[in-house]
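Protein chains in written order, with the numbering used here: chain A, 1 to 453; chain B, 454 to 906.
Note that these hints are calculated values from the structure, not bench results. Do not take every clue at face value.
[To be verified] Cut-off 35 Å, straight-line C-alpha distance, at most; resulting in silico cross-link-like pairs (DSBU-like, lysine-lysine):
id, chain 1, residue 1, chain 2, residue 2
1, B, Lys528, A, Lys129
2, A, Lys375, B, Lys859
3, B, Lys736, A, Lys406
4, A, Lys5, B, Lys539
5, B, Lys468, B, Lys458
6, A, Lys247, A, Lys406
7, A, Lys124, A, Lys86
8, A, Lys15, B, Lys859
[To be verified] Across the chosen pairs, the derived CB separations fall in these ranges:
id, chain 1, residue 1, chain 2, residue 2, range
9, A, Trp281, B, Ala579, 54 to 62 Å
10, A, Asp401, B, Leu704, 41 to 49 Å
11, A, Gly194, B, Asp640, 36 to 44 Å
12, B, Glu491, A, Lys400, 25 to 33 Å
13, A, Pro200, B, Asn643, 41 to 49 Å
14, B, Lys700, A, Tyr63, 33 to 41 Å
Just so you know, even glycine gets a beta-carbon here, dropped at the ideal spot from N, CA and C.
2 protein chains.
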Amino acid sequence: MADQKVILSESEMPKQWYNIVADMPNPPSPPLHPGTGEPAGPDDLAPLFCMDLILQEVSQDPYIDIPDVVMDLYKMWRPSPLIRAKRFEEALGTPARIYYKYEGVSPAGSHKLNTAVPQAYYNKQAGVKRIATETGAGQWGSAVSMACSFFDLECTVYMVKVSYRQKPYRRVVMETFGATVHPSPTDLTNSGRGILAADPESPGSLGIAISEASEDAATHDDTKYALGSVLNHVLMHQTVIGEESLKQFELIGEYPDVVVGCCGGGSNFGGLAFPFLRENWKKGKDTSLLATEPASCPTLTRGHYAYDFGDTAMTSPLFMMYTLGHSFVPAGIHAGGLRYHGDSPILSQFVAEGYIEAEAYQQLGVFEAAEIFAKAEGIIPAPESAHAVKGVVEEAQKAKDEGKEKTILLGLSGHGLMDLSAYDDYHQGNLTDHELPQAEIERALAELLPVGA
Amino acid sequence: MADQKVILSESEMPKQWYNIVADMPNPPSPPLHPGTGEPAGPDDLAPLFCMDLILQEVSQDPYIDIPDVVMDLYKMWRPSPLIRAKRFEEALGTPARIYYKYEGVSPAGSHKLNTAVPQAYYNKQAGVKRIATETGAGQWGSAVSMACSFFDLECTVYMVKVSYRQKPYRRVVMETFGATVHPSPTDLTNSGRGILAADPESPGSLGIAISEASEDAATHDDTKYALGSVLNHVLMHQTVIGEESLKQFELIGEYPDVVVGCCGGGSNFGGLAFPFLRENWKKGKDTSLLATEPASCPTLTRGHYAYDFGDTAMTSPLFMMYTLGHSFVPAGIHAGGLRYHGDSPILSQFVAEGYIEAEAYQQLGVFEAAEIFAKAEGIIPAPESAHAVKGVVEEAQKAKDEGKEKTILLGLSGHGLMDLSAYDDYHQGNLTDHELPQAEIERALAELLPVGA
Numbered sequence: 001m002a003d004q005k006v007i008l009s010e011s012e013m014p015k016q017w018y019n020i021v022a023d024m025p026n027p028p029s030p031p032l033h034p035g036t037g038e039p040a041g042p043d044d045l046a047p048l049f050c051m052d053l054i055l056q057e058v059s060q061d062p063y064i065d066i067p068d069v070v071m072d073l074y075k076m077w078r079p080s081p082l083i084r085a086k087r088f089e090e091a092l093g094t095p096a097r098i099y100y101k102y103e104g105v106s107p108a109g110s111h112k113l114n115t116a117v118p119q120a121y122y123n124k125q126a127g128v129k130r131i132a133t134e135t136g137a138g139q140w141g142s143a144v145s146m147a148c149s150f151f152d153l154e155c156t157v158y159m160v161k162v163s164y165r166q167k168p169y170r171r172v173v174m175e176t177f178g179a180t181v182h183p184s185p186t187d188l189t190n191s192g193r194g195i196l197a198a199d200p201e202s203p204g205s206l207g208i209a210i211s212e213a214s215e216d217a218a219t220h221d222d223t224k225y226a227l228g229s230v231l232n233h234v235l236m237h238q239t240v241i242g243e244e245s246l247k248q249f250e251l252i253g254e255y256p257d258v259v260v261g262c263c264g265g266g267s268n269f270g271g272l273a274f275p276f277l278r279e280n281w282k283k284g285k286d287t288s289l290l291a292t293e294p295a296s297c298p299t300l301t302r303g304h305y306a307y308d309f310g311d312t313a314m315t316s317p318l319f320m321m322y323t324l325g326h327s328f329v330p331a332g333i334h335a336g337g338l339r340y341h342g343d344s345p346i347l348s349q350f351v352a353e354g355y356i357e358a359e360a361y362q363q364l365g366v367f368e369a370a371e372i373f374a375k376a377e378g379i380i381p382a383p384e385s386a387h388a389v390k391g392v393v394e395e396a397q398k399a400k401d402e403g404k405e406k407t408i409l410l411g412l413s414g415h416g417l418m419d420l421s422a423y424d425d426y427h428q429g430n431l432t433d434h435e436l437p438q439a440e441i442e443r444a445l446a447e448l449l450p451v452g453a
Numbered sequence: 454m455a456d457q458k459v460i461l462s463e464s465e466m467p468k469q470w471y472n473i474v475a476d477m478p479n480p481p482s483p484p485l486h487p488g489t490g491e492p493a494g495p496d497d498l499a500p501l502f503c504m505d506l507i508l509q510e511v512s513q514d515p516y517i518d519i520p521d522v523v524m525d526l527y528k529m530w531r532p533s534p535l536i537r538a539k540r541f542e543e544a545l546g547t548p549a550r551i552y553y554k555y556e557g558v559s560p561a562g563s564h565k566l567n568t569a570v571p572q573a574y575y576n577k578q579a580g581v582k583r584i585a586t587e588t589g590a591g592q593w594g595s596a597v598s599m600a601c602s603f604f605d606l607e608c609t610v611y612m613v614k615v616s617y618r619q620k621p622y623r624r625v626v627m628e629t630f631g632a633t634v635h636p637s638p639t640d641l642t643n644s645g646r647g648i649l650a651a652d653p654e655s656p657g658s659l660g661i662a663i664s665e666a667s668e669d670a671a672t673h674d675d676t677k678y679a680l681g682s683v684l685n686h687v688l689m690h691q692t693v694i695g696e697e698s699l700k701q702f703e704l705i706g707e708y709p710d711v712v713v714g715c716c717g718g719g720s721n722f723g724g725l726a727f728p729f730l731r732e733n734w735k736k737g738k739d740t741s742l743l744a745t746e747p748a749s750c751p752t753l754t755r756g757h758y759a760y761d762f763g764d765t766a767m768t769s770p771l772f773m774m775y776t777l778g779h780s781f782v783p784a785g786i787h788a789g790g791l792r793y794h795g796d797s798p799i800l801s802q803f804v805a806e807g808y809i810e811a812e813a814y815q816q817l818g819v820f821e822a823a824e825i826f827a828k829a830e831g832i833i834p835a836p837e838s839a840h841a842v843k844g845v846v847e848e849a850q851k852a853k854d855e856g857k858e859k860t861i862l863l864g865l866s867g868h869g870l871m872d873l874s875a876y877d878d879y880h881q882g883n884l885t886d887h888e889l890p891q892a893e894i895e896r897a898l899a900e901l902l903p904v905g906a
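Model the full assembly from the supplied sequences, consistent with the hints where possible.
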């Protein structure tokens, strides 16, 4: 009987991260300095990031070696399993063969540790004493807290207030690893105080929390900032997911026709999909890549492709990306990790150029799909990952309608065991679907700067 | 570089459970019928359990085949990894080599699924429609809910009230898999109503919840009862843990000098330790086996070795075991899975005969040890498992004092991601140590029956 799990040995783990910038058909649009409108260089990023990470951010090299210390820590949970979801297939009655790459085996419960560990490592090497960061759902904050603990770095986390209230267990995880956690917006930063002055009841947003954490880092000499998504070096660290998946499919002599992942800032999706995109370009493969997002924060499907700030306080460089406007505050749905107004610039470019497709889903259907998956496979998906599960349900239905035996790869970025209040709300009937009004989309146009495309 | 994780392939999984009853140096003391005082036979158990499980309970065969369907479901998470805890060793500054066998990879987050799945399977085979069970910490209830969902069985869980309040996420997990969860004591059963009449504010106990669940099963034709520990067949299902560990140590050419596991009803400890005990007896090995428990519920270390009821309502057979008395209600500490008044009869016998050692620990030291482990290895242990971590800290210190390079196997039965309120209380200073007064121990003597040893 064939094994259900495709397991690599530690010696088969990829030893390099993949930098898709080197292989892009069209050059990426550069980030712009917010004051001058000129392309931002390494020096502009220096107040926030250590030089090793900045060099990775702007690197043109296709592969970058993973340091030994990072490899050793990766081995705590990597290589992650690729699992045939036979019972899920049966539950869906689909002829499709569904595999899921499961990043919930990380002790932080999600893929985020894949980049938190190298970010902590490079900062430690650079003599940094403290990391300031933001977190939405709490997945990123948990991962950074853990990584800082491994390298004996202090850690301050600005947690989006609505998530701070909904997910007390996430706070406890971060505190267990020694981090200090603030519900954002706070009165500890200028950007936080500004938001609170305008709206004392602000539920917070990733954009606001990013402003707070980056201001904290920029105003303290011993502190750097860590971002959990969007930037090139972050997506690059996550490519271990896709590279392992490629090796695992090779082991079993299969190859996915469709790759589905959820997309907030793009780190999970990029990490999973970019190695497959390279194979499409370089080896003539023809895998469809589907990014899924919530209908309440439909960046890729309804956002504007334009230059915009990465944060709410307009202090970051300008990025060419799909955006709902930097002042956008999404409804307090539970998939906190998907509540970002923008998206990774390179991933946005691939969507604009047609290399990646995107779909947005309402949350009731997302939780329904997640529970079918849970009952079949035992794993309760994180609300973010549940958006990918919903995408797979749709693809499986298509395969059924077409009578096709296609192979689907589901990127299951994390488990939902620390996000169970969302499932409770779903059971209690407290969740509703929410379509973002068109006026909200148009409102964003007014705040986008007349530069770029 | 040697791999940090010792991984077996699915084809190397043990295909049989080990039944230590076949190898016991002295025959086990039989359970007694509560009415007659005569040994209880299969018929006495028939109202509660299906016949396949009863036959396993009384079996004298050393090995019992694991059904294919169960093997297939085991492969969702088994074989579980054996992991070298190098960073934990460094944190402790010990010359000991510490390995942990990690059962938290199960989708239920603990070892409990190892027996929940076969119990659900045999009940389904027997035409049972519904399972009634109890849960303390929620680990067992989560596992049964999941297993029932896999086999399309209804599931009713009586959850100890203090845990129901402390651990809402556990309830959500069970509900996600379709179970109905009641805080126990309830007014749905005679035993629950009796307890509530005497103490409307009763926090509940495992003994009470067992009475309720078994009454529910005994009074409904389509319903059977499932027990998560104590009984022989339950411990036997858990031996996959120890059998895999033996194979994993063989792969790396090592062998443990000490095996440490936490012990409530004994299923985790027995499942881990019994295969090693067999090797001690049959292959001249000399591994020490250490069962750890909370000082607030010190069954093995301070209980009476006598015949007692397994439940509070005095409806179960009488078991020869270490007991604090069937009416014992332990303090509401967080390690809910270790709050049982009794213990597995065969495991109790091995403690009485000197084959297994036991230690009790106060909870502050337990959480301190757990946080050292978490910061080193990334995994936040379940409060129950944390008692084993504390035992390993003590053993590692001994190794340091003696300058010995001994090998320690830690049974890490589950993660604590659904038990974080306990860690929060620990951080907030809300936990205190609690030594059970001697009067409480002596009180139990009065309710023990004058039969047996």
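Comparing the hints with the structure gives:
1. Under the criterion of a C-alpha separation no larger than 35 Å, the hint pairing Lys528/B with Lys129/A is inconsistent with the structure, at around 43 Å.
2. At roughly 43 Å between alpha-carbon atoms, Lys375/A and Lys859/B are farther apart than 35 Å, so this suggested pair is violated.
3. A distance of roughly 52 Å separates the Cα atoms of Lys736/B and Lys406/A; the hinted pair therefore is violated under the 35 Å criterion.
4. At most 35 Å may separate the alpha-carbon atoms for a hinted pair to count; Lys5/A and Lys539/B meet this at roughly 26 Å.
5. Between the alpha carbons of Lys468/B and Lys458/B the distance comes to roughly 22 Å, so the proposed pair stays at or under 35 Å and holds.
6. Only pairs whose Cα atoms come within 35 Å are accepted, and Lys247/A paired with Lys406/A is accepted, the gap being roughly 19 Å.
7. Restraint check: the Cα-Cα separation between Lys124/A and Lys86/A comes to about 43 Å, which exceeds 35 Å; the hinted pair is violated.
8. For the hint pairing Lys15/A with Lys859/B, the CA-to-CA distance comes to about 33 Å; that is within 35 Å, so the pair holds.
9. Between Trp281/A and Ala579/B, the C-beta spacing of about 57 Å keeps the proposed range 54 to 62 Å intact.
10. Checking the proposed 41 to 49 Å range against Asp401/A and Leu704/B shows it holds: the Cβ atoms sit about 47 Å from each other.
11. The given range of 36 to 44 Å is broken by Gly194/A and Asp640/B, whose C-beta atoms sit roughly 54 Å from each other.
12. For the pair Glu491/B and Lys400/A, the beta carbons lie near 60 Å from each other, so the given range of 25 to 33 Å is not met.
13. At about 54 Å, the beta-carbon gap between Pro200/A and Asn643/B misses the expected band of 41 to 49 Å.
14. Taking the beta carbon of each, Lys700/B and Tyr63/A are about 37 Å apart, inside 33 to 41 Å as hinted.
In terms of the numbered hints stated before, the structure departs from hints 1, 2, 3, 7, 11, 12, 13, listed from lowest to highest.
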